[in-house]
Each structure stands twice: as structure tokens, then as C-alpha cells.
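Fit chain B to the known structure of chain A by using the hints.
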Amino acid sequence: MTTEYRVTPGKDLETIDINVNVGPQHPATHGVFRMVLTVDGEQVVDVDPIIGYMHRGAEKLSENCDYRQAIGYQDRTDYLAQFNTELCYVLALEKLAGIEPPERANYIRVILAELNRIASHYMFMGAFGTDIGVFGTAFMYTFRDREIIQDLFEEVTGERMMYAYFRAGGVAWDVPNDFRERCREILGAVRKGIGDIDGLMTDNEVIIARCRGLGPVTPEDAINWGMTGPMLRATGLAHDLRRAEPYCIYDRFEFDIPTGTRGDVYDRYLVRLEEMRQSVRIVEQALEGMPEGPIMAEGLKRTLRLPEGEVYMRNETPRGEYGIYLISKGGDKPYRLKIRSPAFSNLSALRAMSIGSYVADTIITLGSIDIVLCEVDR
Amino acid sequence: MLGLLKAIKTTISTALRKPVTVQYPSVKKELPHRSRGLPVLLWDFDVEEPFCTGCQVCARYCPVDCMTVTMKDNPLYAEGKSKRKKIVDKFYIDYARCMRCDICVEVCNFDAIVMNNTWEGVELARYDRHDLVLDVDQLMVQSKSGELKDPFREPMGVAHSGWTPKVRSEEEKEEVAAKEESGEE
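Protein chains in written order, with the numbering used here: chain A, 971 to 1348; chain B, 5 to 189.
One chain only, chain A, in its complex shape:
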């Protein structure tokens, strides 16, 4: 980092702060995101996050097509937790239309959403290791294991990323016959994969030295910022929508809500690692209880038409509380669709978290938020 020197006649040598642009095309910003750092030497004095590069008008696009067509667009908001965002959308539709999905569909949804959470946290672990600067290794390990989950998703839905698999009233088609065995196989690999990450990173002195005490957030601040998800739980508040406001069939499963104590970057990492283990537990229980039967609610018309009214549905995606606010004026298109994005709220705390830290640490703090820019900008 260079520092400018300015000499005023009659005065001593003084330094001034300079602005450094990070992004928008920068590998450490996890997408198209720009930060203007004001630095005093190596120390960050001010951060100005600039978003909007990935804005595609997902809300408006969803308003212009009918309810089934818009499912495809929901995948594209949070491209790491597609099943979770789809789930929120179809649950909103079902809530307003009063459709009750059959048991089997509910179980399939929960299994896929939880596996998706694991895959998303794998992505976080890999990127987090890369952010710290040493561990290209972590990235390779996590992507090796994430690929196994992706393979299952491809076998079930046919797509690797944009699944468009959930429908209002159920799921598009039934899972393959060997679904249970494949899931058990994958859970074995996931357990091994979590062990790998755990061994590689958790007790590692380098990681602890870099992350302990970095970007701490108090529970009060977290609530004021509107933080949700692992960011909030790392501060010590055990708030999880799967427990606090059970949607789908989450009230039937036993799982713990991991919490941190200090709210720093290292706690966020630990919370996510433990969440992966809890997701494995949920998937195991769901596989035990998955019944046979129909996968689509009965008596649905070919085109879904909603009654007049409005609905807010929220669920717990890997990044936090994802919400869909939908106003219907009747017909097959929503009048207004608003997406509440968890990463947007979490990102708003970036400035407060990184002021006073070093430039390299700011990158880690940003990485620990686990942003998906498509979701922030929508």
C-alpha cells in the first residue's frame, strides 16, 4: 500500500488517507461487488460498499409471468440455495391459495432443501479458505464433496443449478427409485467431508490467528442491523425460522441450533460447520419417515390462479431469513412480488464490522457474510 505525502510549507510532513477500489471485478468480492476503502496506511478508515451491478429485476420479471413460469426466476436470485428460494416462493403461493401439499412432497422438499444447505455451506467453506489466503486446498476439498450433492440434484431434477423442480402443490415429478440409497451414500460422503474441513481448518493456528476476534458483532447490533441466519446465531442468539416459525414439516425433526459466543468471523465459521452436521441429521430423519404416495396436491387446475389477497412467507435459507411478499389481485400473475434478501441485510453491517481492521482482514470479513450478489441485487 502506498501512502501519499504532502508537504505544506512551515509544517511537518503529514499523511493523508487514500481511496482504494476493490472490485467490481475482483475475485475476493464473491461476485460483482465494489468496495471503496479509505485507508490510512494498512488500516481501513472507511468502507463504502456499492451494490447494484447484478440487478436484473427479478421481482419485476416474476410479476410479468404466471406463477409457474416465475419458479425458474426464483432459482436465479440465490444461486447457491435454489431449492430454498423456490421453497419460499411455492410456500407463499400455497399459503395464499390454501393448497395442502401431500406428505411425500413435503419430505422430498425438506431433504432437497437441507442437502442444498449443505452444498451452500460447502461453497462458503471453500471460498472462506481462499479468502484467508492460504487454503486453495479447502476449495478443492469442498468442491470435490459438493459435486457429489450436485450429482444427486441432477439425477432428481435434471439440472445442475437452476432446478425449477418445486411446484405449488408439490413437486414436478417423483424422485428416482434409488433416491434413498443415493442419499444415504451422499450423507456418508458428507460426514467424511465435514471431517476433512474440520481437521483442516477448525483447530488450525493460522485460521485462529486470522479470524479470532475479527469483525465482532454484539447481539443488540445484530438485531438492529436486521441480521439473520448464521451471522445472527454466531452472536449467541438461537433464532432459526425452522424452529421459531416451522414451515413445511420442520417441526417434526430433531435438530440443534448451533450458536456462537463472540459473534466474530471464527464463530460464524463454527456455526456454519455445525449447521452442516445438523442438516445431515435432518436429512437422515426425513429419509426414515419419507412415505410413498402422491407428490402433487389433488384437484389443481393446469394454470394456478390465486385469490385476491397478500401474503408474506419466509424461510431459513443458508444465508438467513429469505422472504417473499406477494400481492395478488386475482388472475395468474402477481400484482407485486417483493423479495426480502438476507444477504442484503447482513451486508449492510460490513462498514461497521471492518472499520479499524486491516485491508486483508476486510476481505475475510466480507467473505464471512457469505454474500450471493444475485440475491443482494435481485
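Rather than coming from a laboratory, the hints here were simulated on the basis of the structure.
Certain hints may be false.
Not everything, but these chain B residues come out facing chain A in the computed CB check (under 7 Å) [claimed, not checked]:
| hint | residue |
| --- | --- |
| 1 | Gly7 |
| 2 | Leu8 |
| 3 | Ala11 |
| 4 | Pro36 |
| 5 | Ser39 |
| 6 | Arg40 |
| 7 | Pro67 |
| 8 | Tyr99 |
| 9 | Met103 |
Quick list of in silico lysine-lysine cross-link-like pairs, DSS-like style, CA-CA up to 27 Å [as the list claims (entries may be wrong)]:
| hint | chain 1 | residue 1 | chain 2 | residue 2 |
| --- | --- | --- | --- | --- |
| 10 | B | Lys22 | A | Lys1162 |
| 11 | B | Lys148 | A | Lys1162 |
| 12 | A | Lys1030 | A | Lys1303 |
| 13 | A | Lys1162 | B | Lys13 |
| 14 | B | Lys148 | B | Lys33 |
| 15 | B | Lys183 | A | Lys1299 |
| 16 | A | Lys1303 | B | Lys183 |
| 17 | B | Lys183 | B | Lys87 |
| 18 | A | Lys1271 | B | Lys33 |
| 19 | A | Lys1162 | B | Lys33 |
The following label-pair restraints were derived from C-beta to C-beta distances [as the list claims (entries may be wrong)]:
| hint | chain 1 | residue 1 | chain 2 | residue 2 | range |
| --- | --- | --- | --- | --- | --- |
| 20 | A | Gln995 | B | Glu127 | 22 to 32 Å |
| 21 | B | Tyr96 | A | Thr1172 | 51 to 61 Å |
| 22 | B | Lys89 | A | Glu1224 | 51 to 61 Å |
| 23 | B | Lys183 | A | Gly1300 | 51 to 61 Å |
For each residue, glycine too, the CB sits at the ideal point set by N, CA and C.
Just chain B now, kept in the frame of chain A:
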């Protein structure tokens, strides 16, 4: 120090594993049966004509408007060889626009369109983007040559609520298509 040793242990144990990498262009993984490549049309080998009647229901339900379809009178129907009164005339799909949502396959009354589950359906590198707009003949090349052996055509969940397109007779199908055209449900 202990943590570092633990990390090194993990690295060494992983180094002894078999590599999982596939050398993609030369070695290709087998795609799952349900793999959703880009949509293609199917060829009816019994009558030697496409299944598609050009009813435009796929074009209307497409979220990204990537299809253009027109319909004509079927010459084989006049000769008495075919049961289809109408047949597809022109059918363009812009692969650059398609988002592979599978809705066209779901809504098709005649099971005429499927998602390509071979590698051709996912490899779409072209030198000119205009080559990505395929016409009716290009869309049926794979089906005609028998390359597309076993397309995944499971009707969507609606089938479980009693809506089964496959058991309909030809007259009923055309009736449905006529209704679709006039914009009714």
C-alpha cells in the same frame, strides 16, 4: 502447533485418495436419464412425420419467449396416412434464450417436445450466435437419427391429480388444442 499437524494429517490422507477429476473433452461422464438439455422435437416413426401439430401451447407458456411456431394442414392427413389434421410448419427455438425450465415439455399435449438428455443438449458452443436459432429440421435431427433413444417424458405431478395426457384419444387431444388456442383453460 497441534492444529497445524492435524491439518497436515488431513492433507496427507487426502493425497492418498484416488483423484475424482474427469478429463472432460476426451472422457465424458454419463448423463443421468433426466438430464435437462435444450428442448428438441420428436419424430413419429409410425407415420414418418413429427409429433408436433404446431398448436403453440409451448410457445405461449415459455417464460422467455424463445419459441416461434406456425401450423399448416397436414398433407398426409389428406392422403389418409395420418390422423393429424394439422402439422407443424415452422418451429424456431432460440437456444441462446432458452432457460431450460422444462415447462414446454409439461404443457405439451402431444408429447412432441422433450429436453435433450444427451451431451448434444448441453454443449452449445457456436462460432456465430445466429446458429443458436434452430429450425424445425435441425430440432428433429437427433430424434430422426435415433440418437435420442430414451427421452425423459414423465408427466408433471398434475398427472397424479387425474390429468393424464397420454390416455386421451386423438379427437380429444385436438379439442384440447383448439381450446388452448382460443386462450381458455
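Here's how the hints hold up against the structure:
no.: 1; hint: Gly7; in the structure: 3 Å, holds
no.: 2; hint: Leu8; in the structure: 6 Å, holds
no.: 3; hint: Ala11; in the structure: 5 Å, holds
no.: 4; hint: Pro36; in the structure: 4 Å, holds
no.: 5; hint: Ser39; in the structure: 5 Å, holds
no.: 6; hint: Arg40; in the structure: 4 Å, holds
no.: 7; hint: Pro67; in the structure: 4 Å, holds
no.: 8; hint: Tyr99; in the structure: 15 Å, violated
no.: 9; hint: Met103; in the structure: 6 Å, holds
no.: 10; hint: Lys22/B with Lys1162/A; in the structure: 15 Å, holds
no.: 11; hint: Lys148/B with Lys1162/A; in the structure: 46 Å, violated
no.: 12; hint: Lys1030/A with Lys1303/A; in the structure: 11 Å, holds
no.: 13; hint: Lys1162/A with Lys13/B; in the structure: 14 Å, holds
no.: 14; hint: Lys148/B with Lys33/B; in the structure: 24 Å, holds
no.: 15; hint: Lys183/B with Lys1299/A; in the structure: 25 Å, holds
no.: 16; hint: Lys1303/A with Lys183/B; in the structure: 21 Å, holds
no.: 17; hint: Lys183/B with Lys87/B; in the structure: 19 Å, holds
no.: 18; hint: Lys1271/A with Lys33/B; in the structure: 39 Å, violated
no.: 19; hint: Lys1162/A with Lys33/B; in the structure: 24 Å, holds
no.: 20; hint: Gln995/A with Glu127/B: 22 to 32 Å; in the structure: 27 Å, holds
no.: 21; hint: Tyr96/B with Thr1172/A: 51 to 61 Å; in the structure: 55 Å, holds
no.: 22; hint: Lys89/B with Glu1224/A: 51 to 61 Å; in the structure: 60 Å, holds
no.: 23; hint: Lys183/B with Gly1300/A: 51 to 61 Å; in the structure: 21 Å, violated
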